[in-house]
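Put together the whole structure using the sequences plus the hints.
The sequence shown begins at 1 in full-length UniProt numbering and counts up one residue at a time.
Treat the hints loosely; a few may be bogus.
Across the chosen pairs, the derived CB separations fall in these ranges [what the hints assert, rightly or not]:
#	residue 1	residue 2	range
1	D98	R48	35 to 45 Å
2	N97	N44	34 to 44 Å
3	N44	T138	17 to 27 Å
SDA-like mimics (lysine to any residue), calculated; alpha carbons at most 25 Å apart, straight line [as the list claims (entries may be wrong)]:
#	residue 1	residue 2
4	K161	E19
5	K161	H140
6	K161	E149
7	K161	L61
8	K161	D77
9	K161	V51
10	K37	T125
11	K37	Y6
12	K37	K135
13	K37	C108
14	K135	G152
15	K135	A113
16	K135	E149
17	K161	M47
18	K161	A113
19	K37	N97
20	K161	R52
21	K161	Y6
22	K37	M47
23	K37	D98
24	K37	D77
25	K135	F116
26	K135	V153
27	K135	S29
28	K135	L61
29	K161	K37
30	K161	P148
For the record, the hints were derived by calculation from the structure and aren't laboratory data. Virtual Cβ for every residue (Gly too), placed ideally from N, Cα, C.
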Amino acid sequence: MLDQPYMTDLIEANSMGHEPDLIDIYSASWGPTDDGKTVDGPRNATMRAIVRGVNEGRNGLGNIYVWASGDGGEEDDCNCDGYAASMWTISINSAINDGQNAHYDESCSSTLASTFSNGAKDPNTGVATTDLYGKCTTTHSGTSAAAPEAAGVFALALEAK
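Structural data, given as structure tokens:
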């Protein structure tokens, strides 16, 4: 979805509503610009797709939408991010290895949990994962790394049930 030259409500809606009975958890590590000025969120079709997923996905059990809360730090507020602040999503922040908030975390009432990510400016202290080219990277960081970790925890909880 994000490799499109431009984003539309229809592209987002199709992504958020893709195979809702086969996909249990959707993880999103993107949102409005983290500049402390932008207030934005899902448009009509995207919002309908998310609400439909929560109410009808997973064969009636409801899809889970996990959203990165944003990396704008003290200059931004994830309550202004209509995706992360939505009642239909679970907003995830970051914690660093000592359990403190990361310097880039955005404080807001919509954040429900935190998972570990990097907290230093060292580019090699991120989360180990695969990159776009199938190679290992240790530079994945921020709430963009924290949200998929939380989605993995939620998947394990669903599996255990």
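Hints versus structure:
1. Look at D98 against R48: about 42 Å separates their beta carbons, and that is inside 35 to 45 Å.
2. For N97 paired with N44, a C-beta distance near 41 Å keeps the hint of 34 to 44 Å intact.
3. At roughly 40 Å, the beta carbons of N44 and T138 sit outside the given window of 17 to 27 Å.
4. For the hint linking K161 to E19, the alpha-carbon distance of about 22 Å falls within 25 Å, and the restraint holds.
5. Among the hinted pairs, K161 with H140 is inconsistent with the structure: their alpha-carbon atoms are about 30 Å apart, more than 25 Å.
6. A hinted pair counts as satisfied when its Cα atoms are at most 25 Å apart, and K161 with E149 qualifies at roughly 19 Å.
7. Taking the CA atoms of K161 and L61, the gap is near 13 Å; set against the 25 Å cutoff, the hint holds.
8. Pair hint K161 plus D77 does not hold up; C-alpha atoms about 35 Å apart against a cutoff of 25 Å.
9. This hinted pair checks out: K161 and V51 have alpha carbons roughly 24 Å apart, not beyond 25 Å.
10. Taking the CA atoms of K37 and T125, the gap is near 29 Å; set against the 25 Å cutoff, the hint is violated.
11. As the CA atoms of K37 and Y6 are separated by approximately 21 Å, the hinted pair is consistent with the 25 Å bound.
12. For the hint pairing K37 with K135, the CA-to-CA distance comes to about 36 Å; that exceeds 25 Å, so the pair is violated.
13. In summary, the hint linking K37 to C108 is supported, as the alpha carbons are separated by about 15 Å, within the 25 Å threshold.
14. Distance restraint check for K135 and G152: the Cα-Cα separation of roughly 20 Å lies within the 25 Å cut-off, and the hinted pair is therefore satisfied.
15. Distance check on the hinted pair: K135 and A113 sit about 29 Å apart at the alpha-carbon level, beyond 25 Å; violated.
16. At roughly 19 Å between alpha-carbon atoms, K135 and E149 fall within 25 Å of each other, so this suggested pair holds.
17. Note on K161 and M47: the hinted pairing is violated, with a Cα-Cα distance of about 28 Å set against a maximum of 25 Å.
18. Proposed proximity of K161 and A113 is supported: the alpha carbons are some 20 Å apart, at most 25 Å.
19. Taking the CA atoms of K37 and N97, the gap is about 30 Å. The hint is violated against a cut of 25 Å.
20. A threshold of 25 Å between alpha carbons decides the hint, and for K161 with R52 the separation of about 23 Å falls inside it, so the pair holds.
21. Of the pairs offered as hints, the one joining K161 and Y6 is violated, with about 40 Å between alpha carbons and a cut-off of 25 Å exceeded.
22. Between K37 and M47 the alpha-carbon distance is near 22 Å, which keeps this suggested pair within the 25 Å criterion.
23. For the given pair, K37 sits about 30 Å from D98 by alpha-carbon distance, which is inconsistent with the 25 Å threshold.
24. Among the hinted pairs, K37 with D77 is consistent with the structure: their alpha-carbon atoms are about 9 Å apart, no more than 25 Å.
25. Only pairs whose Cα atoms come within 25 Å are accepted, and K135 paired with F116 is accepted, the gap being roughly 21 Å.
26. Between the alpha carbons of K135 and V153 the distance comes to roughly 23 Å, so the proposed pair stays at or under 25 Å and holds.
27. Between K135 and S29 the alpha-carbon distance is near 19 Å, which keeps this suggested pair within the 25 Å criterion.
28. For the hint pairing K135 with L61, the CA-to-CA distance comes to about 35 Å; that exceeds 25 Å, so the pair is violated.
29. The straight-line distance between the Cα atoms of K161 and K37 is roughly 42 Å, outside the 25 Å bound, and the hint therefore fails.
30. Note on K161 and P148: the hinted pairing holds, with a Cα-Cα distance of about 20 Å set against a maximum of 25 Å.
Checked against the numbered hints listed earlier, the structure breaks hints 3, 5, 8, 10, 12, 15, 17, 19, 21, 23, 28 and 29; every other hint is satisfied.
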